[in-house]
Amino acid sequence: MGLNATTGRNDDNLAQFGLIERGQLDNNYVMFPHVPAPAFPGHTSKLIDAALETNPGLFAPEVAANLIAQLTGNQKFMEKVSAAYLMGNMELGRLSVLAGVRVERTETVGTGALQVITPAERALRAAFVGTVTNAETARRTRAEYGGRQVRVGEYQNVLPGVHFKFSPMPNIVTRLSYATNVGRPGIGQLIPRTNVNFDTQTISSSNPSLKPQTADNFDLALEYYFEPAGMFSIGLFQKQIKNFIYTSGGVVVSGGADNGFNGDYAGYALTTQFNGGSSKVRGLELNYSQQLRFLPGIFKGLAAYANYTKMETEGNYGAGNSIALAPNPKGKVAGFNPETSNLGLSYFHSRVTVRLQYNHRTRFLATYNVNESQQAYTIRRDTVDLKTLYQFSRRLSVYLDVNNILQEYETGTDIGARASARRILTPGFFFGVNTRL
-12 MGLNATTGRN DDNLAQFGLI ERGQLDNNYV MFPHVPAPAF PGHTSKLIDA
38 ALETNPGLFA PEVAANLIAQ LTGNQKFMEK VSAAYLMGNM ELGRLSVLAG
88 VRVERTETVG TGALQVITPA ERALRAAFVG TVTNAETARR TRAEYGGRQV
138 RVGEYQNVLP GVHFKFSPMP NIVTRLSYAT NVGRPGIGQL IPRTNVNFDT
188 QTISSSNPSL KPQTADNFDL ALEYYFEPAG MFSIGLFQKQ IKNFIYTSGG
238 VVVSGGADNG FNGDYAGYAL TTQFNGGSSK VRGLELNYSQ QLRFLPGIFK
288 GLAAYANYTK METEGNYGAG NSIALAPNPK GKVAGFNPET SNLGLSYFHS
338 RVTVRLQYNH RTRFLATYNV NESQQAYTIR RDTVDLKTLY QFSRRLSVYL
388 DVNNILQEYE TGTDIGARAS ARRILTPGFF FGVNTRL
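Taking my numbering, I'd label the letters of the sequence shown as residues -12 to 424.
In short, the hints are calculated from the structure, not lab data. Think of the CB as a built atom: it goes at the ideal place given N, C-alpha and C, for glycine as much as any other residue. Hints may be right or wrong, so weigh each one.
[Unchecked claim] Straight-line Cα separation of at most 30 Å, DSS-like style, residue types lysine-lysine; simulated pairs:
1) K198 - K67
2) K297 - K198
3) K374 - K297
4) K63 - K198
5) K226 - K198
6) K287 - K374
7) K152 - K267
[To be verified] Beta-carbon label-pair distances, calculated as ranges:
8) V169 - V420: 38 to 46 Å
9) V139 - T234: 55 to 63 Å
10) R367 - V239: 33 to 41 Å
Throw the hints in and build the complete structure from the sequences for me.
Next comes the structure, spelled out in structure tokens:
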């Protein structure tokens, strides 16, 4: 980049990578930051890749970025789950009972990067004289990102469940059930990764000691089956969730060898993920489906379905008074959509299948924050999709799907009441061939 040490001229020849007809700046390039934007309106990666392969001396390596990716990407994780279960089923006339219990023990070990600029390293950098070479950049990167840390975690869960099914009439089924389950944290949440800032005395860290989220589920349902080939059901449910996982900052690191950092960083402000609080989710589910065979002629191939789910949530994010919050208004638990619905019409005739589907999802809380004005919401979404299939034979068929045919699919988030991100998608066309051997 810049002047050629042999000729004393700038021979970068940026035009060889240009796509002038694009007329806009491509933000992906980083090789030529000294060139004004109008001189390099765009580029094609094929030309750049070819030049890098034939003449790598034209390019400077990203020493820090490559080394950071290597050091932080060097991670190890092991999760061992030992489990046993006991289950039994009993038939008492029209009543069926299924019950059981499962016991699980989980052990985790994770190794990851520790990012920290120690006072000694900061002094070395301050005392450095001259141009920072690639070798010095590599040394600094290793000093900051080369630390390693190992964390372990373990927990045990007892998961009972019992399910009742009763049919008072041949076309009516009632169900009542209680079950427990767990939602394990992701591997990325358990692998240790810590960033320490000595100037601001803050720490950002993963939490390998996270426990799973647990839930007690209660369900009551009534199903009615009717001719021709139809079904209507109504269900009520309640979920009591404990120890759900969320991110919070400002927690002060305590002193002592068992503070999670081998006794270091006492008094620093920690941002990490926690288990804490509880929530209750209550809901109603309606479902209808039917093949409309009573219609005349070719309309006998029509079928319809519809479903609707309504949920109310309330809870608190609590792990002591430091991050406690009074019970939230309904709908304030992150990740729960208060209202969803689907509507569809299908047509089957001879070799042709056509499906028209509508999906509705309301606005809901995506990310919790103690400051309500900083809470992030996923915006409302409505989509209409069309799916078609033609069966040439028992072994061969082709399909054409059109997603978002009305181009109303908008995704994004709001922070408080302010738009944060928006993405509008044009219709998507999918064509394929299916074969059975």
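Comparing the hints with the structure gives:
Under the criterion of a C-alpha separation no larger than 30 Å, the hint pairing K198 with K67 is consistent with the structure, at around 14 Å. Restraint check: the Cα-Cα separation between K297 and K198 comes to about 29 Å, which is no more than 30 Å; the hinted pair holds. At roughly 27 Å between alpha-carbon atoms, K374 and K297 fall within 30 Å of each other, so this suggested pair holds. For the proposed pair K63 and K198, the alpha carbon gap of about 19 Å is at most 30 Å, so the pair holds.
Restraint check for K226 and K198: satisfied, since their Cα atoms lie roughly 18 Å apart, inside the 30 Å limit. A C-alpha spacing of about 19 Å is found between K287 and K374, which places the hinted pair at or below 30 Å, so the restraint holds. With a CA separation close to 25 Å, the supplied pair K152 and K267 stays within the 30 Å bound. Our hint of 38 to 46 Å for V169 and V420 holds, since their Cβ atoms are close to 41 Å apart.
Against the hinted window of 55 to 63 Å, the Cβ-Cβ separation of V139 and T234 comes to about 22 Å, which falls outside the hint. Between R367 and V239 the beta carbons are some 39 Å apart, a value that agrees with the proposed interval 33 to 41 Å.
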